[in-house]
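Number of protein chains: 2
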Amino acid sequence: MAILVVGSVAFDNIETPHGKVDDCLGGAATHFSLAASYFTPVRVIAVVGKDFTAEHEAVFTRRGIDIQGIERSNGLSFHWTGAYSGNMDEAKTLGTDLNVFETFDPKIPEAYKDSEFLFLANIDPVLQARVRMQMPNVRMVCGDTMNYWIADHAANLAKVLRELDVLLINDGEARMLAGERNLVLAAQKVLSMGPKTLVVKHGEYGATAFFGEHSFPGKAKVSHPFRAPALPLAEVVDPTGAGDSFAGGFYGYLASQPELTPAVLRTAMFYGGVMGSFAVERFGTERLQNVSRQEIDDRFKLFQEISHLDYAGA
Amino acid sequence: MAILVVGSVAFDNIETPHGKVDDCLGGAATHFSLAASYFTPVRVIAVVGKDFTAEHEAVFTRRGIDIQGIERSNGLSFHWTGAYSGNMDEAKTLGTDLNVFETFDPKIPEAYKDSEFLFLANIDPVLQARVRMQMPNVRMVCGDTMNYWIADHAANLAKVLRELDVLLINDGEARMLAGERNLVLAAQKVLSMGPKTLVVKHGEYGATAFFGEHSFPGKAKVSHPFRAPALPLAEVVDPTGAGDSFAGGFYGYLASQPELTPAVLRTAMFYGGVMGSFAVERFGTERLQNVSRQEIDDRFKLFQEISHLDYAGA
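Sequence lines, in order, name chains A and B. What the first sequence shows, in our numbering, is residues 1 to 314, in sequence order. What the second sequence shows, in our numbering, is residues 1 to 314, in sequence order.
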């Protein structure tokens with residue numbers, strides 16, 4: 001079933017120990033859409049400027065992604081400049097030019113209205129809430145946020161959290177949102193803010209899903225979290241978009257399944273890790289544009305192999 | 001089969017956000033022995049002072065641990081003072097009094113000579129090498145070390161590494177030993193120094209085993225690492241000895257098995273995590289003294305449940 005994603009489509013200047021790229025197509029909605037497109041139809045709501053050309057359109061359309069919701073505006077697209085060094089576990093933001101995103105008012109095309117899955121990528125929670133309100137009948141809402149919104153837009157963010165089925169954030173964001181250093185206690189606190197399930201991404205250490213009272217319709221509460229590994233990688237070329245790619249794999253798989261069960265959610269966690277592991281192999285979205293379904297399924301098996309006691313191939 | 005462990009038996013003063021204890025029985029060999037004792041016979045080589053009483057002996061002997069190799073010396077036992085704060089992911093050492101350990105010269109009782117498994121806990125690599133030399137016919141040698149020996153005793157440590165089947169260290173130590181930030185590259189470098197298998201402990205994120213060319217006798221090289229989860233815990237009372245307890249569960253299980261296969265090593269990684277998760281529930285060795293085999297096996301199942309896609313109980 002189709003996912004509607006709202007978020008940034010941007011251009012990135014990125015520097016890592018492996019090199020430097022300028023004006024590389026990026027943005028949370030871009031990474032998310034490409035990763036999810038291997039599992040389910042995806043529709044994008046975003047705004048871009050005159051610098052978004054037919055070549056950039058084709059990155060989406062070649063993967064069958066519906067971009068009629070990408071609004072064209074005068075001016076330049078959102079632009080991010082960042083650098084990674086050392087262990088590359090955190091980007092240093094060197095510049096953020098919102099440009100056309102500054103006045104973005106998301107409009108949902110009529111053809112998108114029947115989307116059953118909504119993903120609110122990391123943007124202003126006011127915009128997230130506005131999109132959520134225009135899609136009252138979706139089956140599931142999943143969202144992301146970041147330190148900036150947690151610190152300075154808490155009240156707006158709180159409204160979004162109350163509407164979420166799944167919140168996907170990283171360790172630091174979870175601890176910050178909860179004001180609590182212990183991750184389990186932090187997760188309990190975040191779940192009490194609204195999300196039925198919380199997925200915490202640990203970068204190179206994988207991700208953990210924590211479940212609230214009503215994560216699974218018609219089932220008793222699942223009391224234990226679930227941990228998915230990340231693939232130990234000898235070379236991380238560019239971590240930009242790894243989290244959004246995780247979200248795309250995770251949510252894309254969920255949306256492709258007829259029912260949300262604990263088993264489906266576990267599998268989605270693994271597909272999240274799989275898509276994140278591909279994303280970092282090349283700069284920008286290069287790898288996510290060209291991975292094959294066979295490669296995805298082979299890597300999924302590899303994730304089982306590195307984490308399961310009884311994996312048949314062992 | 002019996003494990004011979006050489007390492008510290010000590011008294012700890014520990015402060016954590018959950019309280020403060022003084023003169024608490026500790027030391028790497030103590031935590032290791034208690035954890036391993038649930039799986040296989042354990043024999044200890046260490047030195048203690050007059051402050052080591054019948055009450056402390058009983059902590060070992062109640063678990064069936066052979067302590068005839070614990071030498072009694074004049075003076076005081078090794079004493080460590082440390083504190084944890086915030087996320088408790090690293091101890092701040094406030095004081096180290098080697099005391100009787102300063103002149104420790106490990107002697108191996110005749111009755112220990114047939115031990116088939118040797119564990120070289122974190123002590124001066126000169127002592128580790130001396131014990132290794134006195135046990136030429138062991139089936140397997142596993143060892144630990146720490147930043148102090150890596151930084152200032154590199155040549156002595158190098159000799160020990162060449163003799164190891166398994167090296168168990170944490171993330172920071174692996175990166176420091178290799179001089180390399182990427183964990184996969186660091187692991188490759190450490191494996192090239194001698195150990196056939198490297199187990200890297202990630203604290204609350206679990207542990208990863210990396211395999212060298214000859215990890216498994218008679219088998220082709222296992223090219224992929226293996227990741228074991230840690231249990232997400234709402235309360236960590238005292239992390240002291242968690243790594244040694246991991247090592248005890250890991251090696252104790254290995255020593256209890258007739259053959260070292262990839263499946264046995266995977267299971268050992270999980271038992272390591274299980275024993276580490278018990279260790280941190282109480283100050284010092286309190287929890288490891290009193291856990292039951294049933295609790296251990298229940299928690300092992302829990303580790304499967306939180307990490308396996310197809311766990312039957314899901």
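None of these hints come from the bench; they were simulated from the model. Be a bit skeptical, because a hint or two may be false.
The list treats identical chains as interchangeable, and a pair is accepted whether it falls inside one copy or across any two copies.
[As the list claims (entries may be wrong)] No more than 20 Å apart at the CA atoms, straight line, and that leaves these computed lysine to any residue pairs for SDA-like:
(1) 301 x 267
(2) 301 x 224
(3) 189 x 86
(4) 301 x 311
(5) 92 x 181
(6) 113 x 216
(7) 189 x 233
(8) 196 x 232
(9) 50 x 290
(10) 189 x 41
(11) 301 x 266
(12) 301 x 223
If you're wondering where the values come from, they're calculated on a predicted model, not measured in any experiment.
Against the structure, the hints come out as follows:
1. 301 x 267: Intra 11 Å, inter 19 Å, cutoff 20 Å: intra and inter.
2. 301 x 224: between (24 Å within a copy, 12 Å between copies)
3. 189 x 86: between (32 Å within a copy, 18 Å between copies)
4. 301 x 311: both (9 Å within a copy, 16 Å between copies)
5. 92 x 181: between (23 Å within a copy, 18 Å between copies)
6. 113 x 216: The answer is neither: 25 Å in one copy and 57 Å across copies each exceed 20 Å.
7. 189 x 233: between (32 Å within a copy, 14 Å between copies)
8. 196 x 232: So residue 196 and residue 232 pass the 20 Å test across copies only (18 Å; inside, 30 Å).
9. 50 x 290: Neither, since 26 Å and 69 Å both go past 20 Å.
10. 189 x 41: neither (33 Å within a copy, 44 Å between copies)
11. 301 x 266: both (14 Å within a copy, 17 Å between copies)
12. 301 x 223: Between copies only: 14 Å across, 27 Å inside.
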